[in-house]
Structure formats: C-alpha cells, structure tokens
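Asker: Next come the chains, spelled out residue by residue.
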Amino acid sequence: MTATVTTDSSTEKSDRVTSRGTGGARRRLPRIPDRIRQGGLPYLLLLPAVLLELLVHVIPMIIGIVMSFRELTQFYINNWGGAPWSGFDNYKIAVDVNAPIGEALLHSFFVTCVFTFFAVGLAWLFGVAAAIMLQENFRGRGFLRAIFLVPYALPVYAAVITWAFMFQRDNGLVNHVLHDQLGLTDQPSFWLIGDNSIYALIVVSVWKGWPFAFLIVMAGLQNIPRELYEASAIDGAGIWQQIRKITLPALRPVNQVLVLVLFLWTFNDFNTPYVLFGKAAPESADLISIHIYQSSFVTWNFGTGSAMSVLLLLFLLVVTAAYLLITSRGRKGADA
Amino acid sequence: MPSQAQSAALPGAPKSPARRRSPMAAPQSFLWTRRVILTFLAAFALLPVYVMISSSLKPLQDVSGKFHWIPSGLTVQPYFDIWETVPLARYFVNSLVVAGSATVLSVIIAVFSAYAVSRYKFRGKRVFTVTVLSTQMFPGILFLLPLFLIFVNIGNSTGIALYGSRGGLILTYLTFSLPFSIWMLIGYFDSIPKDLDEAALVDGCGPLGALFRVVVPAAVPGIVAVAVYAFMTAWGEVLFASVMTNDTTRTLAVGLQGYATQNDVYWNQVMAASLVVSVPIVAGFLLLQRYLVAGLTAGAVK
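These protein sequence lines map, in sequence, to chains A and B. Residue numbering for the first sequence follows the UniProt record's numbering, beginning at 1 and increasing consecutively. Residue numbering for the second sequence follows the UniProt record's numbering, beginning at 1 and increasing consecutively.
Bear in mind the hints are in silico, worked out from the structure with no lab data behind them. Ideal Cβ positions, reconstructed from N, Cα and C, are used throughout, including at glycine. Hints may be right or wrong, so weigh each one.
[Said to hold, decoys possible] Chain A stretches covered by chain B per the calculated footprint, using a threshold of three residues with CB under 8 Å from any CB of chain B:
| hint | region |
| --- | --- |
| 1 | 41-51 |
| 2 | 61-68 |
| 3 | 150-160 |
Based on the provided sequences and hints, a complete structural model is requested.
Answerer: In structure tokens, the structure reads:
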C-alpha cells in the first residue's frame with residue numbers, strides 16, 4: 001500500500017471514512033476463521049479455470065512433449081497415438097547443425113535473436129520517451145495520447161497488410177520516398193524478399209509494439225508520488241534532472257516487467273511476419289515461430305516441429321528464469 | 001485555470017486533480033526535445049493510417065502504379081466492391097462471434113478464479129498461479145500442433161467437429177486471453193481493500209454476493225481493461241485462425257488475404273476492407289482507453 005503523505009484533503013477524508021466504517025463493523029462481530037468459513041468454495045470458484053487450463057494448456061503441452069518423441073508424419077495425423085516411438089531422433093535432427101534442418105533452425109534462432117534485440121529495444125525506447133514527454137499536462141496531450149494508441153488498437157492483419165503495401169517494390173510508399181523523393185537508392189529496393197526483409201520486419205514490429213510500452217509506462221508513471229517532484233523542484237532540480245533522478249529510477253520495476261513481456265511477445269511473434277511475408281518468410285527474416293509452423297504444417301513433419309517447440313520452450317524458460325533472478329537480485333541490492 | 005484545463009483533458013482519469021508535475025516552467029531545451037519526439041512518434045504512428053485511408057479512396061489504376069501522396073481521383077467504389085470480392089460480411093460475423101465469445105468466457109472464468117486467489121488461502125494456490133503465469137509466456141505455436149491433433153482426434157472418435165468450427169477456435173483463443181485475464185484481475189482485486197467485501201460478508205452477503213455486489217463493481221476498470229485486451233487480441237489473431245478454420249468459419253484475419261489473386265492485388269479494396277474492420281475496434285478502444293490505463297495501473301504495474 002502507499003503510505004505517502006497526501007496534500008489533497010478530500011481523498012484523505014474519504015479514506016478515513018471508509019476505514020473507520022469497516023473497521024468498526026469488524027470489531028463488533030468476531031471474525032470467522034478462514035478455514036471454516038470458506039470450505040471448498042475457492043476450489044469451486046477455480047474449477048472452470050482449472051478445467052479450461054487443463055484443456056487448452058496442460059494437456060496440449062503434455063501431448064506436445066509426447067509428440068516430440070514420436071515419428072509423427074502425415075500418415076499418423078488421424079491416429080497420432082499409433083505413431084512409432086523414435087526416442088530422441090527428432091531432437092537430434094533439430095539440433096544437428098551439419099544437416100539442413102538443424103542448420104536452418106539455428107539460423108532462424110539467430111535471426112530471431114537479432115530481430116528481438118532491435119525490435120524490443122526500439123519499442124521500449126519509443127514507449128518510454130512518449131510516456132515521459134506526455135507526463136506533464138499541455139494542450140493537445142489527450143489527442144496525442146489517443147494517436148499513440150492507434151497502432152495498438154488496429155487489428156494486426158489490417159495494420160501489417162498496410163505496411164506490406166507500403167513496402168511494395170513498385171507501388172509502395174517506402175520506395176517512393178527513399179528513391180523518387182530523396183534519391184537515396186540507385187534503384188527501388190525489394191523490402192519483402194531478400195536481405196532487406198529483416199529491416200522491414202523490425203520497422204513493423206516496432207510500430208506495432210511501442211504503443212504497448214507507452215501504455216504500460218504511462219500506467220507506471222501514475223504511481224510516482226507527485227510530492228517527489230514538488231520537493232525536488234523546491235530544491236532547485238530542473239525537469240531534466242527530475243527525469244533522470246526521479247522518473248527513470250521509479251520506473252525500474254515497471255521497465256523490468258515490460259522488457260520481459262516485450263521480449264516474450266516479440267520472440268514468439270507469428271502474426272507480423274506471417275501477414276507481412278506469407279507462409280514462407282525470406283531467409284533474412286525467418287523467425288522461429290514461422291519456421292516451426294512451416295516445418296510442421298507445410299512439410300507435415302509434426303514430430304520434428306514438436307521437438308523444435310519444446311526446445312524453444314526450454315530456451316524461453318531459461319531466459320525468463322535468468323532474467324527474473326537478475327532483476328530481483330538487482331532490486332534487493334537497491335533496497336539494501 | 002490550470003486545474004480546469006486538466007480535468008478537461010483527462011475526464012474520468014483516476015486522481016485527476018493535481019496530476020500536473022512541476023510548477024516550474026519547463027526550459028526551452030525540454031520543450032524542443034518534446035516537440036521533436038512527439039512529432040516524430042505521431043507521424044510514425046499515423047503513417048500507415050494515412051496510407052490506408054488515402055489508398056482506399058483511389059481508383060485501381062492509381063494504387064497499381066507508383067505511390068502518390070495525393071490521390072489522383074477520389075472514388076468510394078472500393079467500399080462497395082469489398083463485400084463482393086470476398087464474403088467479407090460472413091468473415092465479419094465469424095470474427096465477432098469468436099472474439100466476443102472468447103472474451104465473455106475468459107472474463108467470467110477469470111473473475112471467479114481471481115476472486116478465489118485474491119481473497120482466500122487454500123492448498124494449491126501457488127501451483128495454480130505459477131501455472132497461469134508461466135503459460136502466459138508460452139508461444140502459440142507450442143499449443144497449435146497439439147490442439148490441432150486433439151481436435152482432429154476428437155472429431156474422428158466422437159464426431160464432434162472442433163477442428164474447423166467456431167467453438168474450436170473460441171477454445172484455442174482462451175490460450176492467451178485466459179491467463180492474461182486471471183493474472184491482471186488478481187492484481188486488480190488485490191488492490192481493492194479487503195475490508196470492503198469482508199464488511200459485506202459480515203452484513204450477511206454470501207461470498208458470491210460479496211463478489212458481485214462489492215468486488216466486481218469496484219473492479220470495473222480492471223474488468224473492462226481485461227475484456228478490451230481479450231477482444232482485441234482475438235480480433236487480431238492470425239495463427240490459430242489460419243489453421244483452425246475452414247471456408248465457412250474463416251475469420252477476418254484470414255479472409256482479408258482473399259483480395260490478393262494470382263495476378264492482381266486489389267490494393268484499394270484491401271485498404272478499404274482493412275479500414276472497415278479497424279474502425280469499430282479502434283473507436284471502441286479509444287473510448288475505453290482510460291479504463292485500460294486505470295486497469296493496468298492497478299493490475300499489472302503495481
């Protein structure tokens with residue numbers, strides 16, 4: 001709970017009224033012990049969630065792991081239980097970097113890492129900058145805030161299709177500006193095939209992702225007590241100093257969660273590359289989720305696809321655990 | 001005066017009085033940085049929106065040729081053609097049914113379980129929350145293959161067609177909306193003083209009475225935030241929609257690809273259709289965005 005001294009008398013008063021009212025009621029009657037009062041109720045309340053979690057998460061995950069140990073090709077789709085066991089063969093195929101499948105997977109993993117680094121970094125930077133610049137009130141603030149949220153609200157496929165149109169070689173806006181208007185390129189470039197695709201993908205991903213960062217940071221800014229700014233202003237701190245010394249440090253826990261969430265979403269993103277490039281992404285922008293989709297549904301090799309999924313899951317678990325460990329240690333250090 | 005201007009800019013925002021930061025005048029360096037950054041970001045955010053709107057009003061030969069900032073001739077014909085080229089209305093209904101049902105289902109279920117986690121101590125609580133939290137980070141592709149196989153097998157053995165049906169798609173959409181909703185609502189319910197519903201219990205409300213008469217009304221911003229999120233992600237989802245649907249159950253996410261034929265892409269129709277499917281959701285979102293910030297503040301950012 002926040003225990004800051006508030007100068008706003010009206011909220012203080014209403015707080016006191018609520019706490020006094022309920023506190024009095026509680027004192028009059030003895031509290032019933034939790035264990036007797038609740039009985040099986042929490043379990044009953046959880047039942048639908050547990051059933052659905054089992055159905056959509058736990059059971060599929062177990063099946064996914066089992067599938068990764070089977071030789072599951074198109075012949076066994078109608079009866080996957082009958083697919084022969086193959087031990088670790090699928091994993092061996094997936095990680096054998098000297099063979100085409102393993103090599104392609106490693107390349108896709110590498111591409112995804114580079115893509116995620118830039119896409120998350122820029123999205124985070126834009127989001128934080130926008131939120132801090134809109135923290136103070138000024139004319140047009142509400143309007144800008146609405147504009148900034150538009151990319152977040154637009155359905156992915158509608159927005160990404162528009163970007164795909166903008167990146168068209170002959171009739172797109174990007175080449176019109178870069179080539180015709182600014183003369184930066186000798187000839188119109190391809191953006192959706194070949195080596196440039198990764199840039200197109202990063203641009204679209206940042207465009208789609210930064211408003212979410214903006215939203216979260218904006219919410220986080222509301223928790224910074226205003227008194228901090230007032231006190232520092234009295235001490236003579238300018239606005240830049242306030243941002244450096246108050247806003248950014250106060251945002252640290254928010255940023256830690258935000259970066260983790262952005263990382264997970266971006267690393268796993270399927271929608272953006274799929275709408276931008278179609279079923280087969282260009283090699284330079286072959287993200288891991290598209291790669292697994294292709295290995296499974298286009299070549300109909302579900303066993304290898306499942307093994308790849310499990311490897312991806314292990315990787316995400318390790319990264320998340322490491323990240324949580326590092327950030328929680330950092331927070332403890334800051335508190336001490 | 002300042003406080004008035006403020007409440008005009010932020011009607012209904014939590015703690016709206018005295019949100020202003022510093023009484024000091026900001027220096028020029030800050031004002032210019034702010035102008036540059038905000039102009040760049042606004043242009044970046046709106047560029048595709050401009051392209052979408054302007055191209056949707058262009059005749060086909062205009063969008064097929066070189067890009068022009070200003071349309072050479074204006075036409076609203078694409079807005080009539082979009083319904084003929086592909087069965088857009090049917091996709092629209094499918095998307096509405098699927099996204100709507102997934103939202104309602106996950107919000108109702110999440111309210112019950114978040115209430116249990118937030119208000120009661122019980123065995124297995126930790127296992128439950130950790131499971132919910134961790135499934136949130138798993139990629140959709142991980143669940144796609146097994147769910148696909150489960151649906152196919154259920155269809156083969158019982159005749160219940162989940163694969164290709166709206167019901168099946170609704171179920172798969174719970175993979176992302178349910179964990180997020182539960183997680184957000186636990187945070188939001190925790191921020192509502194327990195005294196409030198304990199008082200209701202003492203006054204003779206049952207636990208469900210306390211939930212529906214006290215906790216749910218107090219948690220409206222959080223619930224709206226969760227519902228908006230769930231609906232938006234379901235409306236924009238592509239992966240499950242492209243694998244789990246057939247001709248009759250196809251959603252907008254897949255249906256919009258129908259404007260590209262082998263030889264031609266009707267870019268003006270694509271843009272018109274994109275705009276048509278975007279307008280309701282963007283409008284709804286902008287109307288509810290204040291709830292979203294309030295919900296995130298209590299539920300996720302604490």
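Asker: For the region 150-160 of chain A, count the residues whose Cβ lies under 8 Å from any Cβ of chain B; is that count three or more?
Answerer: holds (count 10)
Asker: Taking beta carbons only, do three or more residues of the region 41-51 of chain A come closer than 8 Å to chain B?
Answerer: Per the Cβ count (8), the hint holds.
Asker: With a Cβ-Cβ cutoff of 8 Å, does the region 61-68 of chain A contain at least three residues near chain B?
Answerer: Held - the region 61-68 of chain A has 4 residues with a Cβ nearer than 8 Å to chain B, which meets the minimum of three.
Hint check: no violations occur; every hint is consistent with the structure.
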